[in-house]
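Protein chains in written order, with my numbering: chain A, 1 to 273; chain B, 274 to 866; chain C, 867 to 1110.
What the hints contain is simulated information worked out from the structure, not anything from laboratory work.
In this text, a Cβ means the ideal position worked out from N, Cα and C, and glycines have one as well.
Where hints are given, some of them may not hold.
[Stated by the list, open to error] Only pairs whose alpha carbons sit at most 20 Å apart, straight line, appear in this in silico SDA-like list of lysine to any residue:
1) Lys-343/B - Pro-924/C
2) Lys-3/A - Phe-774/B
3) Lys-24/A - Phe-774/B
4) Lys-916/C - Lys-24/A
5) Lys-24/A - Tyr-645/B
6) Lys-234/A - Gln-35/A
[Unchecked claim] Residues on chain C that point at chain B, a partial pick, calculated with CB under 10 Å:
7) Met-1010
8) Ile-1011
9) Asn-1012
10) Trp-1015
[To be verified] Sample of chain A residues with no beta-carbon within 12 Å of chain B, all distances over it, derived:
11) Thr-8
12) His-23
13) Ile-29
14) Thr-51
15) Gln-75
16) Ala-124
17) Ala-127
18) Asn-190
19) Trp-265
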Amino acid sequence: MAKLVAVTIVVIAILSAIPIITHKWPGDISVGLPQDISTHGELIDEQYADTMLEAGISFLISQFLLAYFIWRFSQPKPGDKIRSFPGGATGLVVAAFLLVGTEVLALGVFGAKAWGSIYFTPPAANAMPVQVQAGQFAFYFRYPGPDGRFGPLHPNLISEANANFFGLDTTNDQDSKDDIVTAEMAIPVNREIHLLMHSKDLGHAFFVPELRIHQDFVPGLDLSVHFTATKIGKYEIVCTQLCGLGHFNMKAYLEVMSQQDFDNWLKQQAALQ
Amino acid sequence: MHDMSHAVHHGEPTSFIRKHVFSLDHKVIGKQYYGMALIAVFIAMVLSWIMRLHLGWSNLAIPGLHLLSKNGAPGDVPTPEYYLQLMTMHGTIMVFFVLTTAPFTAFGNYFLPIQTGAEDMPFPHFNMMSFWVTFSGFIVLISSFFVSDGPTLGGWTQYAPLSAAGAVTGPGQGWGVVLWAISIGLFCVGQLFGSLNFITTTLDMRCKGMSLMRLPLSAWAWFLTSVMGLGAFAVLMPAVILLILDHLAGTSFFVASNLVINDQVLPHSGGSTLLWQHLFWFFGHPEVYIALVPGMGITSHVLITNMRRPMLSHRVLIYSMGALVVLSYMVYGHHMFVAGMNPISSLAFSFPTLIITIPSTIIVLIWLGSLYGSKLRINSASLFALGFISMFISGGVSGFFLAQPSIDIMLHATYFVVGHFHLVMAVAAMFGIFAGTYFWFPKMFGRMMNEPLGKIHFWCSFVGAYCIFMPFHYLGIAGNIRRYQAMVDDYLVPLIPVHKFITIAALFTGAAQLIFLYNLIYSRFKGPKAPNDNPWEGTSLEWSTATPPPHNNWGDKMPVVYHDPYQYSVEGAKQDFIMQASPEPVHSADEEK
Amino acid sequence: MKRDYNSAAVLSAVVLICCGALILGQRVNAAGEGKITGNVKLDGPAPHMKGIDMSKDPWCVKQHANSPAHLETTVVGQNDGLENVVLYIDGWNGPADVEKSVPVYDQKNCMYTPHVLALDTNQTFKVITSDQTAHNIHPLPNPMINVGWNQSQPPSAPPIEKSWKNPEVIPVQCNIHPWMHGWFVVVKGPYATTDDSGNYTIENVPPGSYTVKAWHEPDETQTAKVTVTAGGSATANFTFKAGK
């Protein structure tokens, strides 16, 4: 029985590692990290790979040791004596501090670099501002128009019935008159975007796996993130913060376009306002 | 050590009500907690089955489901909101009423006073109230299934303002939330009473000769857990009270100004969304350890008995568990890396989270190092204890990822997190409960559980749990968001076959728990009588007393402790072990004083 | 025998008269009820109805590939006829809960059909979905007047049957598709809604003098006084000003 347990643990450990290494689930289903289309994502992916290496090795070694010890020490012969692990508890504590301690601290320090590259750098002065508003259960986007300025929001004017999703007063607010409101997000490729995040009602999140950007919307607290997309294509923006019955369906599309396509798109959208 | 036996002296009751219902006896209260957890876990398991079936096959009709909720499952197919409501109830029932009660208040109530050599807890009336208040909390929670639009759908974390802004945010967000909050408030009161008793029992009720370092590891684990509980539940309780006020008194603690739903501005103003998250996770992270640490204690205790040796170091294990207690309060921010905190805070919370790896690693290494050179006995209890170690390792290494804010960008709120906490806190804790059950059953009921059935139960649970929860990690890495009732996003649709595999594994593993239920009930009434008071040849005090223990635990002779808790494979002793209460001398240099 | 014939004839006559009286009585009653008809126009150029961007949900986009969706706040048909105007009798004090039919509110191509559903108090109606995408239907009445609800209707889910207790104009919305917006207009007594030419007929109005009220979203109303004669037809026409 004990040997079977040991073998099972080893088999489970190895089987568990296979999809991690091959990025595949039976049936050719891809289960690796999605492709990276951002400029800052490389650091994150490196950090992930380093952590996976360390966690993976720790996982395999610990499970194998567990299995081996179960195999080896479960059928003592009469007269066998209890033996102490070489080095005893002190050795293990020192090993934990030295190996695991330095390992996790190193991860922490390098991880801080990856984190800082996104959150501790200010957006470039020429970054293109886009506002995103999250609400049950859709995202809407706003571009400032030719004047480069966003008009103020008036929550009491929000009327989804009249397609005034942001609560703009286009009659009285000069800055709002040329604002462009859209239901999908288009951005030019290789141009830094300064994304201003606003929640209309509850907690939501802005997550684009390919963009390596993930940030919650906090009602009453407008946050911002900035990023540059490097690959033209259509991606999905999903909500990851439970926001009610339509949470699973709260999404929008992100289209990364060439600058020219983007300019045309923006003109079309402006005509529809 | 004070002799406080006069403080708890209460005669053995004779009426059925005082003996089995409103009992002051810690052993009866422990069994009541266990019974409640048993009912709760099977309810939660059925909920998870429904969820899993829906995730694999989203149009599948589950026969009879409309009987549970006409609106929630018209045509027997769960609606999106009903999925979330079942999910919320699954999480709440499991975290609070199973993973906190079974390993901590159930076994702790039964065995902490016995392992410390006490006659009972110091405040038996508080102890009785602890159970009945917790139980009423459970009833209130279950009752929310039957209010007009069902239980709350906000998840066990109940993030505001979804939870606080009222019925307009969705079905179950009116009375459902209020009942949830009342239930959790009651639960907190119950656990605070319990923690008070546990701490006092450990500090003031130990018998003659029982120094703190002579307490078994399980007793230490319950003691440390109650310290955590005291801090954690004392924060959650005011939080849920504020939540109730937001609903019933028109306050706005958690709801910001100018929120708009259905084109109408909500009447709330001035609250803080993040306040709830801080309060909740200040409780929530210690809660993870509240569920886990008793399992560590039980696992250590069961393993030592079956390895026929003490751990490499008793003290190091205790200090490491103590470090978990302290650190558990300093790491909660890792749940909120992308929640809108200052990004510097994320880093500040990241480092203690990474550091918590060190005591966890020490604990695992001590377990492994102690297995080395042991004389391991394989039985249902020790199998589950070994399974606990395997699960703790598997669930623990994924913590490396979630401790780092940069990687959390990819993994936050995905199935990776779900896989992580299920392995490390749910499955591991359940394995601890199983190990404790197979181990202590003979003491509690005077009968043995069926070993072959126990082993089958282990195999199904061990392999099954890995089949369910390992693939969760892969889904998470691929970006599969949690709390989605169906995969409709283009990049999630291809992952549905993985969900189907998990569903089948979950049905299988869940069904295997019926073997345990059968074994438990059958053995309770028809199992073979325990051969003696100490069937596993253990050393701690619970094995010195009668089976089952008498009302005051010890009959007319209070125990006196002469030794460290785990004197196994002692050279020159009559048997290969010396019990704590045995005056037989131990000729060993390293015995604790 | 002769006497028997006589008594049989008398009996038959009595039965016939009774039946006739009953039928006639009803007829008299029915004939006594009149109706109110008329037409609602929009005065001035029809306002531009903004297009709806459904790009959030590709299924919805596909349904409108050939017929772009627009807002439906002001829908003008032939001869400036204004659609979706609800006409009812202000201060109705006749029998309660007159309308017995079960109207249907359909979620079709990610729009509400009809855009405005008029209802009598306590009249049962059905919400159905014709779409292959999940909706939620979320009417938001004033909680002091009616009890609101919020329920999902995934594809091929069975109809949801509901009714409203008290008269109120209730906005209804799908939060999954925030552009989906409509109205339940709950009134007491008989009502009608204008068709795409702006025509309407309120049936089953007992003789008497009434104030007819016309409602157009979001909260514009007009009234007209009419007198309905037994079996007759009264007329009330309305004109709403554009750009209001």
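Hints, verified against the model:
1. Of the supplied pair hints, the one linking Lys-343/B and Pro-924/C is violated, its CA atoms being roughly 30 Å apart against a limit of 20 Å.
2. For the hint linking Lys-3/A to Phe-774/B, the alpha-carbon distance of about 28 Å lies beyond 20 Å, and the restraint is violated.
3. Restraint check: the Cα-Cα separation between Lys-24/A and Phe-774/B comes to about 14 Å, which is no more than 20 Å; the hinted pair holds.
4. For the hint pairing Lys-916/C with Lys-24/A, the CA-to-CA distance comes to about 46 Å; that exceeds 20 Å, so the pair is violated.
5. Proximity of Lys-24/A to Tyr-645/B is assessed by CA-CA distance (about 36 Å); at most 20 Å being required, the pair is judged violated.
6. Restraint check for Lys-234/A and Gln-35/A: the C-alpha separation of about 13 Å stays at or below 20 Å, so the hint holds.
7. The closest approach between the C-beta of Met-1010/C and any C-beta of chain B is roughly 13 Å, which is over the 10 Å cut-off, so the hint fails.
8. The restraint placing Ile-1011/C at the interface with chain B is violated, with a minimum CB-CB distance near 14 Å, outside the 10 Å limit.
9. Interface hint at Asn-1012/C: violated, since its Cβ lies 13 Å from the closest Cβ of chain B, which is beyond the 10 Å cut-off.
10. Taken as an interface hint, Trp-1015/C checks out: its beta carbon lies about 7 Å from the nearest beta carbon of chain B, inside 10 Å.
11. Non-interface call for Thr-8/A relative to chain B: violated, since the shortest CB-CB distance, roughly 7 Å, does not exceed 12 Å.
12. A Cβ of chain B approaches the Cβ of His-23/A within 12 Å, the least distance being about 8 Å, so the stated non-interface status is violated.
13. Against the 12 Å criterion, Ile-29/A falls within the reach of chain B, whose nearest CB is about 6 Å from its own CB.
14. The non-interface label for Thr-51/A is inconsistent with chain B: the shortest C-beta to C-beta separation is roughly 5 Å, within 12 Å.
15. Not every Cβ of chain B is farther than 12 Å from the Cβ of Gln-75/A; the closest lies at roughly 8 Å, contradicting the non-interface assignment.
16. Here Ala-124/A stays apart from chain B, with its beta-carbon at least about 18 Å from theirs, past the 12 Å limit.
17. No Cβ of chain B comes within 12 Å of the Cβ of Ala-127/A; the nearest lies about 18 Å off, and the non-interface call holds.
18. Here Asn-190/A stays apart from chain B, with its beta-carbon at least about 21 Å from theirs, past the 12 Å limit.
19. No Cβ of chain B comes within 12 Å of the Cβ of Trp-265/A; the nearest lies about 20 Å off, and the non-interface call holds.
Checked against the numbered hints listed earlier, the structure breaks hints 1, 2, 4, 5, 7, 8, 9, 11, 12, 13, 14, 15; every other hint is satisfied.
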